[in-house]
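Colleague: Chains H and C, in that order, are what the protein sequence lines are. According to the working numbering, the first sequence holds residues 9 to 159 in order. According to the working numbering, the second sequence holds residues 9 to 159 in order.
Keep in mind that a hint or two might mislead.
Note that identical chains are pooled: a pair holds if it fits in a single copy or bridges any two copies.
Cross-link-like lysine-lysine pairs, in silico, DSS-like; alpha carbons within 30 Å at most [claimed, not checked]:
(1) LYS158 to LYS142
(2) LYS107 to LYS132
(3) LYS131 to LYS151
(4) LYS107 to LYS14
(5) LYS32 to LYS142
(6) LYS132 to LYS151
(7) LYS140 to LYS32
(8) LYS91 to LYS131
(9) LYS55 to LYS12
(10) LYS28 to LYS107
(11) LYS55 to LYS32
(12) LYS32 to LYS158
(13) LYS132 to LYS142
(14) LYS12 to LYS91
(15) LYS55 to LYS91
(16) LYS28 to LYS131
(17) LYS12 to LYS132
Simulated from the structure, these hints should not be mistaken for lab results. Quick caveat, the model's predicted, so the values are computed rather than measured.
Number of protein chains: 2
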Amino acid sequence: MFEKRKTIVQVEEGNELAPKFDEKGLIPVVTTDYDTGEVLMHAYMNKEALQRTIETQRAVYYSRSRDAIWEKGSVSGFVQHIKEMRIDDDQDCVWIRVKVEGGASCHVGYRSCFYRSISLDAKKGQLEFCEKNKTFDPETFYKGIDNPTKV
Amino acid sequence: MFEKRKTIVQVEEGNELAPKFDEKGLIPVVTTDYDTGEVLMHAYMNKEALQRTIETQRAVYYSRSRDAIWEKGSVSGFVQHIKEMRIDDDQDCVWIRVKVEGGASCHVGYRSCFYRSISLDAKKGQLEFCEKNKTFDPETFYKGIDNPTKV
Chain H
9 MFEKRKTIVQ VEEGNELAPK FDEKGLIPVV TTDYDTGEVL MHAYMNKEAL
59 QRTIETQRAV YYSRSRDAIW EKGSVSGFVQ HIKEMRIDDD QDCVWIRVKV
109 EGGASCHVGY RSCFYRSISL DAKKGQLEFC EKNKTFDPET FYKGIDNPTK
159 V
Chain C
9 MFEKRKTIVQ VEEGNELAPK FDEKGLIPVV TTDYDTGEVL MHAYMNKEAL
59 QRTIETQRAV YYSRSRDAIW EKGSVSGFVQ HIKEMRIDDD QDCVWIRVKV
109 EGGASCHVGY RSCFYRSISL DAKKGQLEFC EKNKTFDPET FYKGIDNPTK
159 V
């Protein structure tokens with residue numbers, strides 16, 4: 009499904025999908041909510057995950073913490089249905105617009121992983137919660153599963 | 009301005025900005041248009057770029073191709089004014105919502121770097137142009153400057 013990268017014109021101005029995977033074989037992915045435009049997640053895909061996402065029209069990522077293919081929603085039920093997929097100029101980043109079954113995307117329990125803002129006013133650099141309440145209880149959904157967040 | 013990362017609870021549920029920079033000292037950044045929600049760019053910041061972005065409320069990135077601090081708009085004039093800044097659950101990605109002077113963000117000449125969609129229908133994997141016309145002529149704006157896209 010993926011073409012070889014040959015020239016800058018091909019990559020930037022062409023119709024061939026020629027994604028660039030980094031030295032770990034991954035490409036970053038930005039996931040936004042199809043209805044609200046909110047950024048829900050930032051994650052990664054490898055070749056197999058990108059191919060399966062295109063084929064199934066459901067988001068399949070590559071989990072760096074588990075070092076494995078990650079079918080989003082397989083544990084939580086929060087499957088992401090792809091409504092649109094885009095790629096950037098140099099084809100080293102993918103943007104997917106999704107409808108989320110169950111309405112949540114973040115393992116901490118929030119709708120979006122970006123549930124905190126960075127203050128730009130007096131408290132520069134302090135974080136403020138944009139989402140006041142969790143959408144679900146992660147203890148119930150992810151019981152016995154390691155937290156992917158690493159200190 | 010940045011705190012040390014101590015515990016998962018601090019990182020995920022706290023009010024301290026404790027960003028995780030990768031092994032190259034970088035953190036990925038998703039840039040969206042404040043008015044339309046469109047994803048404009050995916051780029052990187054290092055510590056200095058993140059600090060200067062918070063302080064000046066203008067997007068400052070780190071250019072991997074030039075290996076240098078990159079004040080967005082310093083050549084093109086397409087300065088990105090920060091309206092909101094967010095960070096994700098494990099604080100390894102930043103989302104900025106911006107108003108763009110001049111209305112373009114992509115070095116190829118388009119409004120957004122994500123000017124092509126990946127077809128999900130019959131032509132699976134073929135790219136289709138979402139933006140039909142360039143917003144500006146890159147030859148004029150970036151004369152004599154190397155193209156950051158690498159094959």
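Colleague: It remains to establish, for every hint, whether it holds in the given structure.
Modeller: Right, here's what the structure says about each hint:
no. : hint             : in the structure
1   : LYS158 to LYS142 : within (21 Å within a copy, 42 Å between copies)
2   : LYS107 to LYS132 : between (34 Å within a copy, 20 Å between copies)
3   : LYS131 to LYS151 : neither (36 Å within a copy, 41 Å between copies)
4   : LYS107 to LYS14  : neither (35 Å within a copy, 35 Å between copies)
5   : LYS32 to LYS142  : neither (33 Å within a copy, 33 Å between copies)
6   : LYS132 to LYS151 : neither (36 Å within a copy, 37 Å between copies)
7   : LYS140 to LYS32  : neither (36 Å within a copy, 34 Å between copies)
8   : LYS91 to LYS131  : between (38 Å within a copy, 16 Å between copies)
9   : LYS55 to LYS12   : within (13 Å within a copy, 34 Å between copies)
10  : LYS28 to LYS107  : both (26 Å within a copy, 29 Å between copies)
11  : LYS55 to LYS32   : both (11 Å within a copy, 23 Å between copies)
12  : LYS32 to LYS158  : both (19 Å within a copy, 17 Å between copies)
13  : LYS132 to LYS142 : within (25 Å within a copy, 37 Å between copies)
14  : LYS12 to LYS91   : within (26 Å within a copy, 39 Å between copies)
15  : LYS55 to LYS91   : within (20 Å within a copy, 35 Å between copies)
16  : LYS28 to LYS131  : between (39 Å within a copy, 20 Å between copies)
17  : LYS12 to LYS132  : between (45 Å within a copy, 16 Å between copies)
Checked against the numbered hints given earlier, this structure breaks hints 3, 4, 5, 6 and 7; the rest are met.
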